[in-house]
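Peer 1: Please assemble the complex out of the two chains, which come individually in their own frames, going by the hints.
Each chain, letter by letter, is given below.
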Amino acid sequence: MQTTAWLVLLLPLLGAVVLGLGFRALPGKLAGIIGTAAIGGAFVCTVLTLLRLQDLPAEERHVTYIAWDYANTVGVDAQLSILIDPLSLFMMLVVTGVSTLIHLYALSYMASDRGYVRFFAYLNFFVFSMLILVMAGNFLLLIVGWAFVGAASYLLISFWYRRTSATSAGIKAFVINVVGDIGLVLGTYFIFKGTQTLDFQGSFAAVGEAFPKGDGDLTAGCLLLLVGAFAKSAQIPFHTWLPDAMEGPTPVSALIHAATMVTAGVYLIARMHPLFERAPAAADVGAVVGLVTLLVAGTIGLVVTDLKRVIAYSTMSQIGYMIMGVSSGAYVAGLFHLMTHAFFKALLFMAAGSVIAAMAGEQNLDRMGGFRKAMPFTFGCFVIGGLALAGIPPFSGFFSKDEILLVLGEQGGWKWILYVGGYVGAFLTAVYTWRMIFRAFFGEAVPEARELEQGHLHHAEEHRNPASGEIEDTDVGFPGPEHHIAERSLPMKVAMGVLAFLAIFGGVVAIPKVTDTLDSFLEPTFADSTIKVQPSDSLLVFGLVLGAVAGLAGIALAYRLWVQQPGSAARIQQRFAPLHGLFSHLWYFNEIIDRAIVRPFAFFGRFAQQTFERLFINDTLVGGPSGMVRAGSAAVRAVQSGFLRSYAALLLAGVAGMALYFLLQA
Amino acid sequence: VTIHLSIPLWLPAIFGVVALLVPGRLARFAGLVGSAMALAYAVALVADFDTTKSGLQYVTDRSWISELGIHYKLGVDGLNLFLIVLTSLLFSACTLWAGQERREREGLFFFHMGLAHTAVLGALMAQDLALFVAFFDLMLIPFFFLTGQYGGPERVRAVTKLVIYTLVGSLLMLTAAIATAVLAKQGSDGGGLTFVISELQKRPLSSGSQHWIVGFFAAAFLVKMPAFPLHGWMPDGYRAMPLPVLAVFSGVLSKVAAYGFLRVVLPIFPEGAVFWQTPLLLIGLASILYGSAMAFTTTDARLILGYSSVAQLGFIVLGIFSIQEEGAQGALLQSFNHGLVVAPAFFVVGLLAARARGSQDIRDMGGIAFRAPVLAALFLIVALATLAMPGSANFTAEFLILLGVFQSKVVIAIVAFTGVAMASVYMLRAFIRTMHNRQGEGTVSRDLRLGDALVLVPLVALILAFALYPQLALKRSERGAVRSIEAAKAITEPEVPAPAAAQAPAQAPAPVSGQEAPVPSETQVPVPQEAPAP
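Respectively, the protein sequence lines represent chains R and G. According to the working numbering, the first sequence is numbered sequentially starting from 4. According to the working numbering, the second sequence is numbered sequentially starting from 0.
Treat the hints as calculated values from the structure; they're not laboratory data. Treat the hints loosely; a few may be bogus.
Computed footprint of chain R on chain G; a stretch qualifies when at least three of its residues, placed anywhere within it, have a C-beta under 8 Å from a C-beta of chain R [as the list claims (entries may be wrong)]: (1) 322-328; (2) 337-348; (3) 366-372; (4) 402-411; (5) 419-425.
Ideal Cβ placement from N, Cα and C applies to all residues, glycine included.
Here chain G stands alone, though its shape is the one from the complex (with noise of 0.2 Å):
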C-alpha cells in the first residue's frame, strides 16, 4: 500500500471548506471526519513504518516554484512520525469536544480548526525549509481567529501580544531561512539556489553565519514554544483563548518549535547549535525553575498549566542541546507525551470550571472528588503523568533527557532535577486544591457525562498504553533522533578513529592495547567500556 502525506495533509483544510459551506451542526460533524481521517491515516504510518530504514519515507517531491529552489517536499521519519500522530490525535479530540459546545458562526470555527490543522501537518512534514517557514507561519493565522472571535473578555490584547511576539519571531526566521539557501548556494560550486533541507544538510554554511542564523532561528522558536523570558504573551493568550482551542495550541503548537530544532537547526547548521548550546541549555533550565516556580504560586488553573507547559518546554530544550542520543530521543518522547497530558489537563479544567460557577482559579474549587469519582481518578492520572511520576512515559522521557544533559554538562542536569520536585509540588496542590479538602462554596459536584468520557477516556487510555510501552515510540524514533544531531555531536564529542564507531558502538575495536580505556568525564568517547572476550 502506498501512502501519499498529501493526503493526511490536505484533508482537514479540504473538510474545513466543506465545514463552511454545510449548514449548522453539520459543520461539527465535517471538522470531526476531516480531523479523523487524519488520524487514521497518521495510525496507519505508525504500523507502516519501517524501522530498519533510516532517512525520509512516504517522500513526495515537486518543484514549487523552481526559479527560488522550493520545493513541495513532504516525508515522514522518526522525527515527525509521532508528532503527526498526535496532532491528528489532538485535533479528532478538540474537534469533537468543541462540537459538544453552542457557538455562533459554526462553520468559520471548525473552517479555522481544520486549517490549523493541516498548516500544523504541513510544517511537521515539510522537508524544504521554505515549505517549513510557510507552514510555521500559516499555523499562527487560524489561531489568531480563533482566539479574536471565541475567545475570552481579553482577547484583543491577549491577540495583540501574540501577534506581536510570533511576528517578530517569524520575521527573524523568514530571513534566516533566505539567509542560508543564498550562502549555501554561495558556498556551492556552481549549484543553484535550493531549500530542500537534505541538500542544504551538504552544503555547510561558515560558522560565521552558522552562528546568527542558529540564533534567529531559536529566537522564532523559543518565542513559539513559549520559553523564558520570551513567554510574555503566554499569560494572556492562555486565559483568552476558547479551552479547545487552547488545547491544542498547547499541545501541539509548541511542540513544532522543538521539533524545528531537531529537523533545522542541529542538522544544518551543526556549528551553529554548539555554539549555541550552552546558551540554549540556560534557558532550558531558566524556563524549567521560572516556569515550576510560576506555577506554584498562580491560582488559575489554565496559568497553571501554562506555566508547567514552559518548564516542560524547558526540559524539551535541555534534551535537544545536551547534544547527545539519549537527549534527543528523550527530547522527542516528551514532545509527544506532553501533548498527550496537557490536552486532557485543560479538559478537565474546562470540566472544573463548569462545576466552579464558571470560576478557573482554584480558590474557588475544592472537594468534588466525592462525587466525581470517576473524574478524580484520570485527573489523577493525567496529574501524575504530568509531574512525570516514574512508570509513566513523561518519566521515560526525562530519564532519558536528564541522562543526556547528565553526559554533557552535569551542574545543569543536577540544578534542572529541582524542577522535577517543584512539578511534583504543583501539580499534586492543583490536584488537591480542586478534589480534595472542603468543598468549595458554589461549587457542584457532578461526574464525568457521556460526551465527556467519549474525549477524555481515550486520552487517558493512551497516557497508560505509553507509560506501559514507550518502546512503540521510542523504537520508531531512534534513528531519526540519531541523525539529528549527528552532525553536531561530532564536534562536541570528536571521535577517536574507530571505524563504523557511529554504527555498532559495541563491535568497535578495542584502543591501543595494553592502555586501561580512558573514560574522562567532561568528553565521553564512544570507547566500549569492556573488550570483548576473545
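Bound-form chain R, shown alone (with noise of 0.2 Å):
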C-alpha cells in the first residue's frame, strides 16, 4: 500500500518533469499520450490502494507514511507526510480519475496549440499538487500543496499569455489565493500554539486537551483556515479570480475551475471537520458564506452573457452548497455533491469547450444559437449535465444537493434559514442552467451552426481576442487554425461519454434507504463527529419532492422566457432595471475591492515612490550627512586627498579617538 500510494503522487510529477524536460524532443501528441498515462497510472495506484486500505479493519483505516523530515527542528514537527485514509482516497479517487477524463478530451482538443507539449506539463503538475493537496499528512504539506494549486492554476489561466487579459487574469487568481495561503499559515499557527505539533491526527488527538470547546484562539485559526478555503473555492469575498480565470484553455476550466481545486475548501473543512466541531461560531460563520455565495452568484448567473463565465458562478454556487453543508456536520451529503458536482460541471464544461470551438474562440451567448442539429453529442451532454445541476431526478445532482439540504433542515433552529435558501438556489440554478441551454442550442441558428450542419467549419481570417478585441498574437498557438469539436473527435467523446455515464448515475452510491455505499466508505474518517442526525422520512421525502419541483420550475420558467417568448427576458430586464444593474455588475464586488485594498495600496506605493524616498530618505537623511562630508571632504582636499584617502584617514582618526579614550579610561 505505501508503493501504490506513494507512485500516486509520483507519476503525475514524473510526468511533469519528463514533458517539461523534453518539451524540444517530443512529437505530436506524444506528450499528450504520456501526460494521460501518468494520470491514469495515478488513478490505477489510486484504486489498488483504495483495495488494501479496506483489507484494514474500519478503526484503523487511517495509515501516515513519511518520507523525510522536511524541517523538524526546535518544536516544529513537519515532515514530509502522507496520510491515507478514506476520505484523502475519495479526493485522490475524484481527482485522478477526473482528470484522466479530461487530459483524455485535451489530448484532442488542444491538438493545434502550439503550446501543445507545454500545457500537458503544466496539466500534470496541477495533478500532483492537487493530490499533495489531499494527501498530506500535515498542515505544512497541506500548504504546500495549497500554494502550488494555486501556481498551475495561474501557469494555465495565463496559458495564453500573450494576451494581457489573460496575463491579469493569472496575477490576480494568484494573489487573492496568496491571500488564502496566509489565512491557512496564520491558521495553523493558531492551533500549533495550542496542539504543538504540525501532524493531522496529533493535533486532531491534542485538540480536545489543548482548546476547550469555543476556545477564542481556536475560533481564530478556524475563521482563518476559512479564509483559505474561501480563497480556493471562490466564496465571497474571495470570488472575483474564478470568472476571470476563464481566461484559460477550456480544459482548464473543467479540471481545475470546476471539478477539482476550486472544491479544496471543502476539503479542508472536512479534513479539518474535529476543529470545527469545537469553533461552533467559525463553523456557521462558513455555513453563512456558502449560502451568501450561493444565492449571490445565482443571480449573477442569470444575466452573464459569457457562456464559461455562466458556468463559472454555477461552479461558485454549488461549492456554496457544499460549504454550507461540511460546515453544518454534512460531510458526507457535502462530498457527495463534491464528487457528482466534478462530474456534471467537468461535463458541462468540455461541452462548452466544444461549442466555442465551433465559434472559434467566441463566448459571448448574444452571438450563440440553434446549434441543437449542428452538434447533437455535444447537445446531448449539455442536456444531461443540465438536468443534472438543476436536480431533476433520478440525475445524480438530485440526490447530493437533496442530502446536504436534509441534513440542515434536521438541525433546525436558524438552520432553516439555510434549508429554504438551498431551494431558492436550486430554483434560480435551474433557471440559469437552461437559460444557457436554451440560448445557445435553440432558436435560429448562427452562421457557425449552419456551416457546421453542412460538414464544413468557419474561420476568422484572423482571430481576435474576445474580451479585450486585440489580434490574438499566434505565436503562442492560440487558438490554432483547427477547431476541435467533440464531433468530430473520439478522445473528446470518449471522456465526455465516460462523464455524461456518470452525472446520470453517480447518484447511486447514495441514494437515501437504498444504497449507502458512499456513508459506509467514510464512515471511519468520520466516526469521531459530534453531529450526529438521523433524518426523520418526512422531511426526506418533502425534501426530494421539493427538490424535484423546484428544478422543473425552473427549467419550465426558463423555457418560457427564451423558447415561448424570447422577448419576454429583455421585458423583465427593463422593468427591473436597478436589480438587473446590480446582477450584471456582478455585485459590484470588483469595484469594492478594487477601492477597499487594490487603490490604498497602490497609493501607498506611490507616495512611497514619488513622494517619501525622494523628499525623505534622499534629501533629508541622504542630503544632510552627505552635504556635511562633503564640506568636511572639500577640507581635506584642501590637504591634498582623494576620496579613498579621506575615507581612510577618517577612519583612522576615529579609530585612533576611540582607542584612546577607551584605553585612558581602562
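Peer 2: Right, dumping it as C-alpha cells:
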C-alpha cells in the first residue's frame, strides 16, 4: 500500500518533469499521451491503494507514511508525510479519475495549439499539486499543496500569455490565492500554538485537551482556515478571480476551476472537522458565507452573457452548497455533492468547450444559437449536465444536493434559513442553466451552426481576443487553425461519454434508504464527529419532492422566457433595471475590492515612490550627512587628498580617537 | 581529516594576487580557481560538520595583538556554516559569470573579487570582536573599487553615498566594539583586556552600557543590510554596480549584517537586545512594507530586486528579534535562501537587459518567453522562490520566522503577512512584464547560451534541492541558533524553575500537580502541553 500510495504522487510529477525537460524532443501527440498515461497510472494506483485500505479493519483505516524530515527543528515537526484514509482516498479517486478524462479530452481539444507540450506539463504538475493537497499528512505539506495548485492554476490561466487579459487574470488569481495561503498559515499558527504539532492526527488527538470548546484561539484559527478555503473555493468575498480565470483554455476550466481545485475548501473543512466542531462559531460563519455565495452567484448567473462565466458562477454557487454542508456537519453529503458536481460540471465545461471551438473562440451567448442540430452529441451532453445541475431526478445532482439540505433542515433552528435558501438557489440554478442551454442550442441557427450542419467549419481570418478585441498573437498557439469539436473527435467523445454516464448514474452510491456505499466508506473518517443527524422520513420525502419541483419549475420558466416568448426576458430586464444592473455588475464586488484594497496599496506605493523616497530618504537623510561630509571632504581635499585617502584618514582618526579614549579609561 | 579554516579563508585573496600578476585571460582563471577551492572546502565543512556537538568546531585560536587581547580566532558553528557555503558559492558563480565578459584591467577586477571573498569569509568566521570588525570594514574596500572603476555612469555619486553611510556605521561599530572590551574588563575582577567573543559572553556588561552599545551595532548592521530608513545608498549603489558584483554584494554582504546580530549582539548583549527588541521589530516591519511598496511601483529591474531585498532582510530582522528559536532558525535559513535566489535573479536581469538593448526598465521588456522558454522557466522558479511560495525553502524560512514573531508579538506577525502578499505582486509583475504579454519593442528573444546556463542552472538546481530538503540546513544550524538567543530569551521569557528544561523540554516534569497547565498567550512558558502518561 505504501508503494502504490507514493506512486500516486510520483507518476504525475514524473509526467510533468519528463514533459518539462523533453519539450523540444517530444513529437506531436506523444506528449499528450505521456501526460494522460501518467494520470491514468495514478488513478490505477489509487484504486490499488483503496483495495488495500479496505482490507484493514475500519478503525485502523488511517495510515501516515513519512518520507523524510522536512523541517523538523526546535519543536516544529514538519515532515514529508502523507495520510491515507477514506477521506483522502475519496479525494484522490475523484481527482485522478476526472483528471484522466480531462487529459483525454485535451489530447484532442488542444491538438493544434503550439503550446501542446507545455500544456500537458502544466496539467500534470497541477494534478501532482492537487494530490499533495489531498494526501498531505500535516499542515505544512497541506499549505504546500495549497500553494502549488494556486501556482499551477496561475500558469494555466495565463497559458495564452500574449493576451494581457490572460496575464492579468492570472496575477489576480495568484494574489487572491496567496491571501488564502496566508489565512491558512496564520490559522495553522493558532492551532499549532495549542497543539504543538503540525501533524494532522496528532493535532486532532490533542485538540480536545489543548482548546476548550469555543476557545477564542481555536475560533480565530478556524476562521483563518476559512479564509484559505474561501479564497481557493471562490466564496464571497474572495471569489472575483474565478470568473476571470475563464481566460484559460477550456480543459483547464473543467479540471481546475470546476472539478478539483476549487473544491479544495470543501475538503479542507471536512479534513479539519475535529477543529471546526470545537469552534462552532467559525463553522457557522462558513455555513452563512456558503449560503450567501450560493444565492449571489446564482443571481449573477442569470444575467452573465459569457458562456463559460455562466458555468463559473454556477460553480461558485454549487460550492456554496458544499461549504454550507460541511460547515454544518453534513460531511458525507457535502463530499457526495463534490463528487457528482465534479462529474456534471466537468461535462458541462467540456460541452461548452466544444461549442466555443465551433464558434472559433467566441464565448458570448448573444452570438450563439441553434446549435442543436449541428452538434447533437454536444447538445446531449449539455442536456445531461444541465439536468444533473438543476437537480432533476434521477440524475446525480438530485440526490447529492438534497442530502445536504436534508441535514440542514433536520438540525432546525436558524439553519432553516439555510434550508430554504438552498431550495431558492436550486430554482435559480435551474433557470440560469437552462437559459444557457436554450440560448445556445435553440432558436435560430447562427452562421457557424449552419456551416457546421453543412459539414465545414468557419474560420476567422485573424483571431481577436473576445475579451479585449486585440488581435491574437498566434505565436503562442492560440487558438490554432482547426477547431476541435466533440462530434469529430473520438477522445473527446469518450471523455464526455464517460462523464455523462457518471453524471446520470453517479448518484447510486448514496440513494437515501437504498444504498449507503459512500456513507459506510467514509464512516471511519467521520466516526469521531459529534454531529449526528438522523433524518426523519417525512422531511426526506418532502425535500426530495421540493427539490424536484424547484428544478422543474426553473426549467419551465427558462423555457417560457427564452424559447416560447423570446422577447420577454428583455422586457423583464427593463422593468427591473436596477436589479439587473446590480446583477450584471456582479454586485459591484470588483469595484469595492478595488476601492478598499487595491487603490490604497497603489497609493501607498506611489507615495513611497514619488514623495517619501525622494524627499525624506534622499534629501533629508542623505542630503544632510552627505552635505556635511562634502563640506568636510572639501576641507580634506585642501590637504591634497583623494576620496579613498580621506576615507582612510577619517577612519584612522576615528579609530585612534576612540581607542585612545577607552584605553585611557581602562 | 583536520580542516584548517585559515586555508579557505585566505585562498581567494592569494589567488586574487595571482590574478594581478598573470596576464590577460589567465586572471579570470586564477580568480575562479581561488573561489572554487574555497567552495570545495565549504562543502567539505558541511559534510564533516558534527551536528551532535554544540559550540564551535574547527577552531583556530592564536593570540594576535596580545597587548589589546585581540586573538586571531576562527571557528564554525551552526550560525555561520551555511553562510560560508553561500559566500563561496556565490563568489564562484559570479566569478564564472564575470569571466565571460570582457573588461579592462582584468587582473585588478579579479583581485578585488578575491579580496572581497576573503573579507566576507573572515567576517563570518571571526570569533574575536576586533577581528570581526576588521573584516567587516575590509569588506567595503574591494566593493568600493569594483564600483568606482567598473560601475555604471552614476558610479561616483553612488560610491560617495555608499561610503558615507557605511563609514558612519563602521565608526559606530568600532566604538561599540572597543567600548565592549574595555567595559567588560572593568566589570571583571582583574581579567585582562579581551576581544574574544566567548570570553566577552562571560563578562556581562551593565544594562545601561548594553543599551547604547547595541544601538551602535544595530546602526552599523542596519545600514549594511540595508533596512528602512537607512537604505538611502541602496538605489544608487544598486544601479551603479556591475551586475556580477551586485549579485554577490546583495547576496552576501547583507547577510553578514544579519549574522552580526546573531553572533555578536544577542549573545554578548542580551539585555540590550531585549531593550531594542520592539524598535527593531518595527524597523523590520517597516522595511517589509516599504520595500514591498517600492518594489511594486518601480520599473527598474535592478531596483525591484533591491527593494525586494530590503523587504526580505526585514523578515530576517523580524526573525532574529522575535527572540524565539523558530525565529532565529528561520532567519538563518532565510539568509541562506535569499542569497541563493537573489544572485540568479540579478543574473537573469543581466540576460534580460541584453535582450532589451541594454535597458533594465521592465517597460522596455516583454514577451520573450516564447523563444526563450528555458530562460523563462528558470526565471519562474527563481521568482516563485523569491516570493516564498510554499514548497520553497524560502517559505519554510518565512514560516519559521513568522511563527517566532507570532509567539512573541502577534500583531507584528499579522501585519508582516501583508508583505508576503505584496511579494507575490511585485515578483509576478516583474515576471509577467519581462516574459509574458506582447513582445517589447526592440527586444530580441533568444534562449540561454551554454555559458549562461553554466552559472544559472546549478544555482536553480540548488534552489530546488533545498526546496525538497531544507532540513539539511536546519539540522546543522539548530544548536547554533538556540545558543545564540538563549541568554536573551531567558530575559523575555523567564523560565519556571524546571531542571534541564532547555535541553529536553519534552521530558520536563509536569508543573505543580492538580493545576491545569497554564499557557498564557503573551509569555509562553515551555511547559509540556500534555503530561506523559505514566
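Peer 1: Each hint: holds or not?
Peer 2: Taking the hints in turn, this is what the structure says about them:
A count of 3 residues in the segment 322-328 of chain G with a Cβ less than 8 Å from any Cβ of chain R is obtained; the coverage claim is therefore met, three being the minimum. Counting residues of the segment 337-348 of chain G whose beta carbon lies closer than 8 Å to any beta carbon of chain R gives 0, which falls short of the minimum of three for the stated coverage. Under a criterion of three residues with beta carbons nearer than 8 Å to beta carbons of chain R, the stated coverage of the segment 366-372 of chain G is upheld, 4 such residues being counted. Closer than 8 Å: that is the beta-carbon criterion, and the segment 402-411 of chain G has 3 residues meeting it against chain R, so the requirement of 3 holds.
For a cut-off of 8 Å, the count of residues in the segment 419-425 of chain G with a CB near a CB of chain R stands at 5, and the three-residue condition holds.
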